[in-house]
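K.L.:
Take a look at the letters that make up each chain.
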Amino acid sequence: MTRVIDGLDQIFVIAKAFLLSLLAWAPDWVVQVVSSFVNIAAVLGVFLVLFALISVFERKILARIQNRYGPNRVGPWGLLQPAADGIKMLVKEDIVPGGADKAVHFLAPIAMVAPAILALGVIPYGRNMTAFSIDAGILFFFAVGSATELAVFMAGWSSNNKYSMLGAMRAIAQMVSYELPLVVTVLPVVMIAGSLSPDRIVDAQSGYLLEIIPKWFVLTPWGAAAFLLFFTAGLVESNRTPFDLPEGESELVAGHMTEYSGFKYATFFMAEYFGMFAVNGMAVTLFLGGWHAPCAFLQFIPSWIWFFSKLSVLLFTCIWIRGTLPRVRIDQTMKLAWTFMLPMAFTCVISAAVWHFNSGGILGWVESLLIVALVYAGLSQMLGARKHLSVRTYRFAE
Amino acid sequence: MIGAGIVKGMAVTARNFIGSYFEKDRLTTVQYPEQRDEIAENYRNFPFLVYDGNDPGPAGLRCTSCKICEKECPPQCIFIIQDRDEKGKALKHPKVFDIDISVCMGCQICVEVCPFESIKMDKRFELSGTDRFKALLLHKADLAKSNDYYHQIRPTEAAAVDAALAEAAAKKKAKAA
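Chain order of the listed sequences is Z and A. As numbered in the working numbering, residues 1 to 398 make up the first sequence, in order. As numbered in the working numbering, residues 1001 to 1177 make up the second sequence, in order.
The set of hints was computed from the structure by calculation and includes no laboratory data. Hints are supplied without guarantee of correctness; some may be wrong.
Unchecked claim - Below, computed lysine-lysine pairings styled on PhoX-like, alpha-carbon distance capped at 25 Å:
#, chain 1, residue 1, chain 2, residue 2
1, A, LYS1095, A, LYS1134
2, A, LYS1095, A, LYS1071
3, A, LYS1071, A, LYS1171
4, A, LYS1071, A, LYS1089
5, A, LYS1024, Z, LYS60
6, Z, LYS60, A, LYS1008
7, A, LYS1092, A, LYS1171
8, Z, LYS335, A, LYS1008
9, A, LYS1087, A, LYS1067
Stated by the list, open to error - Facing chain A, from chain Z, some residues (calculated, C-beta under 10 Å):
#, residue
10, ILE61
11, TYR69
12, ASN72
13, TYR376
14, SER380
Nothing here was measured: the structure is a model prediction, and the numbers come from that model. The beta carbon of each residue, even a glycine, is placed where N, CA and C say it ideally should be.
Only chain Z is shown next, with the shape it has when bound in the complex (with noise of 0.2 Å):
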């Protein structure tokens, strides 16, 4: 029974040994290099097949939240809509703004799309299952999450047209501003886990108390508050609604997107779901105990089944939130991040702090969620205080 289990749980680490079995007569080199290509083409296929579910599952949430059907006319339930979208965005004109600057303009989807699939790599998405394994994973994933802010500039810039560059100026400006909270709401998690390894961290969140409740970093007050902020600012960073302003369709037409038709939108399109599978995998990894089962005795159940059910909750919830939330503006997005997130990150730092101090007992972790609570109750406070004008008097219109 607990070989079946096992081997459940390690099938596609046995498939992918089985597949490098039949190259044992080759020099190691090609072996490594076969190795990598196997990872490479296991992260695209599932994370492309994600892709393409979640764009019709998104649209059939959304029509559900306001109480309609949604897309059920292509196939079964509307599942083979992807393709119907997929075939229909290949056969588009491709179209290049006559003043747009062309090599730049071609690359920018490219160099879009790269970070977010590199940023896929770190995750382990079960037991042995990281398709590219390093020490400082948490740091890579932050250092190549932020070139998309390169590749939408590039974007904006070379498309030669207002509402590309004043999308892209703004996409600039919050995903630099957010991208602080967001790292310093990893810093706690690094802190008590002691390493910038995503293996060590998914490691440092096993075993469960009373068999029942799991060591989950999301579970402590420290961990609860930083995994909000860290929520928040992923959904800035994938440009997700509310934070959608920079292709605020309103205002901004399609922000950076604008100039861009075709496969190359499609692959920007890509890219936004790919940066928000990131985030959200990346989520799951620091704070909700990456691969492992939520309680002992479901542990039988295979650890990449586990990792995709929280993905597919936090995918969720992004949808959700997207069905409730109108878009802010530019500079309700800077002050929250300035004036709320950034506090509330240090805080966590502070408050992981004084529970590694007191060794995570009950002490700590009463005194840890007094911290995160009055600096969040200060700060509602502060920033809730509501500017109390007092009616404007006319001298000379009366």
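Given the coordinates of chain Z, assemble chain A onto it according to the supplied hints.
P.N.:
Coordinates of chain A only, in the frame set by chain Z:
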């Protein structure tokens, strides 16, 4: 507290999301080609010609080729040629009666000016064709529809028209007698 409003909003959308799977009356969309909504009796789009009995020819068709509708039509989408016998004498019947429904704006003025209750508004709306010129130019044969059809699509109005026509016929008979 910051974020309290977001939680409240998320609860509303969650209620709608889950409710749409359990409460049938939330989903008001009509799945058009399979399901059809009932069309209101007074719905109208393009005109058609009424004929009595089973004869769409000169005897049945109420149109007398008076051309009032052609003259009144604001976008001028009606085209009529009067029929003539071998000697060239004008007959009370159209030889050609065309309506270009790509031009028609459905204003119903032709119906209002017709003294013979001959032209009425149709309800047929699935009019797409493969030829964008010929498919949208309706000829006399396409336009002519029986009085029964008229009764079928708008019973109240058709009954009133029939009553008025019968009364006029009775009056004429009484006058002649």
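K.L.:
Work down the list of hints and note, for each, if the structure agrees.
P.N.:
These are the hints, each one checked on the structure:
1. A:LYS1095 / A:LYS1134: holds (19 Å)
2. A:LYS1095 / A:LYS1071: The hint holds at about 17 Å.
3. A:LYS1071 / A:LYS1171: Given that 25 Å is the threshold and the Cα spacing comes to 29 Å, the pair is violated.
4. A:LYS1071 / A:LYS1089: The hint holds at about 22 Å.
5. A:LYS1024 / Z:LYS60: holds (17 Å)
6. Z:LYS60 / A:LYS1008: Holds, because 22 Å separates the two Cα atoms, which is no more than 25 Å.
7. A:LYS1092 / A:LYS1171: Holds, because 22 Å separates the two Cα atoms, which is no more than 25 Å.
8. Z:LYS335 / A:LYS1008: holds (22 Å)
9. A:LYS1087 / A:LYS1067: Holds, because 22 Å separates the two Cα atoms, which is no more than 25 Å.
10. ILE61: holds (7 Å)
11. TYR69: Constraint on TYR69 (chain Z) satisfied, holds at 6 Å.
12. ASN72: Hint on ASN72 (chain Z): holds, closest Cβ of chain A at ~8 Å, below 10 Å.
13. TYR376: holds (8 Å)
14. SER380: holds (5 Å)
When held up to the earlier numbered hints, the structure conflicts with hint 3 and nothing else.
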